[in-house]
Amino acid sequence: MISNNKNTKRADLANYGSGNYLASDVTVLLDIVAKDAVADVPVSQKEALIQNGQRHYSDMLTLEDAPSAMHEQLYIQALEQGTARTATDIANLAYTLHRIFQPTVSDEHPLVLVSLVRAGLPIGVLLQRALADTQSNYALPSVHYGISIIRDRGLDPLALQMLLDAYPDSPIVFVDGWTGKGAIYQELTRSLETFSDSSHPNFTNIFHQGAEVIPLLTLADPAGVAWLSASEEDWLIPSGLLNSTVSGLISRSLYTEPQSGLHRSVFYDNLVEADHSLAFIDCINVARHNLSIAPQYLPTFKQPRYQTANLIDKLAADYGITNRNRIKPTIAEATRAILRRDPERILLATAEHPDTTLLRHLCKQRNIIVSVLGDKILPYQAITLIKQRSKDH
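full-length UniProt numbering numbers the first residue of the sequence shown as 1 and each following residue consecutively.
These are computed hints drawn from the structure, not numbers from a lab.
It cannot be assumed that every hint is accurate.
[Unchecked claim] Okay, derived cross-link-like pairs now, DMTMM-like style, lysine to aspartate or glutamate, Cα gap no bigger than 25 Å in a straight line:
#	residue 1	residue 2
1	Lys9	Glu257
2	Lys364	Asp65
3	Lys314	Asp152
4	Lys387	Asp313
5	Lys387	Glu352
6	Lys302	Asp375
7	Lys9	Asp107
8	Lys302	Glu193
9	Lys364	Glu352
10	Lys314	Asp375
Values in this document were obtained by computation on a predicted structure and should not be read as measured data.
Generate the whole structure from the sequences, applying the supplied hints.
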């Protein structure tokens with residue numbers, strides 16, 4: 001009886017879409033809403049509303065346009081530069097997951113990869129493809145879902161509960177693209193507190209690595225908070241350069257009160273012609289198949305190290321910032337902040353680093369101040385400081 005109930009719940013999950021990915025790549029547990037049902041708020045207005053506390057960033061969207069020709073060109077360059085590294089990192093992560101979970105998972109009780117929408121989606125899809133690769137030495141029964149996490153508001157509790165009901169005997173691993181300051185890690189920690197008591201029926205689904213361990217996996221972890229990551233370097237992850245057009249054409253998620261349903265998102269059907277989502281996955285997947293080096297077993301961490309916390313404190317003091325949300329570290333976050341927010345200045349470790357070409361191009365285009373600070377901001381290569389629009393909260 002329980003098994004039938006569980007299978008019914010799994011079938012219910014299949015009613016959700018996969019954005020512009022294949023249905024076998026991911027199921028995204030979001031309510032997709034029409035673009036015209038969402039207020040399209042210009043960046044400067046959005047910034048003022050966020051900073052003066054009138055609106056939360058997850059209550060509004062600035063609808064995306066297709067990337068410019070220059071932006072596209074720099075993405076293609078980043079992909080050429082970063083394909084081998086991304087493929088190697090994915091193989092190493094898949095091999096490590098295989099070694100850890102192979103004794104306990106099965107087709108009936110697969111590993112559940114839960115990507116944090118949006119930056120986690122391309123990485124989760126790549127991992128799902130790698131784990132499904134029966135020609136490799138790291139194949140593992142796994143399923144992949146995308147769910148929303150929103151700063152200050154947490155992980156979508158309804159989406160998580162749907163997964164726990166459908167996979168009551170499976171371990172869950174959360175997947176994100178990279179870490180910046182560790183804010184999403186802290187959000188995840190708060191959201192999972194409910195399950196942290198060992199008597200909770202879902203304790204072992206989440207705390208399978210120990211009572212204190214949040215099973216967060218990332219491609220890059222400069223903040224030093226992930227349980228498992230391919231590296232701690234800030235490098236030009238190709239999928240960090242684009243928004244929806246490398247994340248299945250799904251918008252950033254919008255908050256919904258739990259009693260009203262799942263978090264919402266817009267599907268950018270108008271950007272289909274500009275979409276790189278599947279091409280990115282296929283490119284990295286082919287490169288992974290062609291790797292000649294054996295995959296490596298990566299270290300895992302029981303506790304967050306927060307290795308950049310002092311640096312963030314110092315930057316906040318130096319630039320008179322009381323709201324840390326105005327500090328956007330890592331190449332990916334710094335680039336996204338220029339495209340989506342209202343930046344005051346950009347801090348770079350190196351004036352001409354090839355990984356910050358797009359960032360520097362955007363700064364020139366928009367007359368944004370660039371300060372080169374050398375190793376003072378390492379391990380970050382780039383940090384965007386958002387313009388103060390009102391008194392910091």
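Verification of the supplied hints:
Annotation: proposed proximity of Lys9 to Glu257 holds, straight-line Cα distance about 22 Å (limit 25 Å). Annotation: proposed proximity of Lys364 to Asp65 holds, straight-line Cα distance about 20 Å (limit 25 Å). About 23 Å separates the Cα atoms of Lys314 and Asp152, which keeps this hinted pair within 25 Å; it holds. Among the hinted pairs, Lys387 with Asp313 is consistent with the structure: their alpha-carbon atoms are about 18 Å apart, no more than 25 Å.
Of the pairs offered as hints, the one joining Lys387 and Glu352 holds, with about 24 Å between alpha carbons and a cut-off of 25 Å not exceeded. For a cut-off of 25 Å, the pair hint linking Lys302 to Asp375 is broken: about 28 Å separates their Cα positions. This hinted pair checks out: Lys9 and Asp107 have alpha carbons roughly 16 Å apart, not beyond 25 Å. For the suggested pair Lys302 and Glu193, the alpha carbons sit about 16 Å apart, so the restraint of at most 25 Å is met.
Straight-line distance between C-alpha atoms of Lys364 and Glu352 comes to about 13 Å, which keeps the hinted pair within the 25 Å bound. For the proposed pair Lys314 and Asp375, the alpha carbon gap of about 14 Å is at most 25 Å, so the pair holds.
When held up to the earlier numbered hints, the structure conflicts with hint 6 and nothing else.
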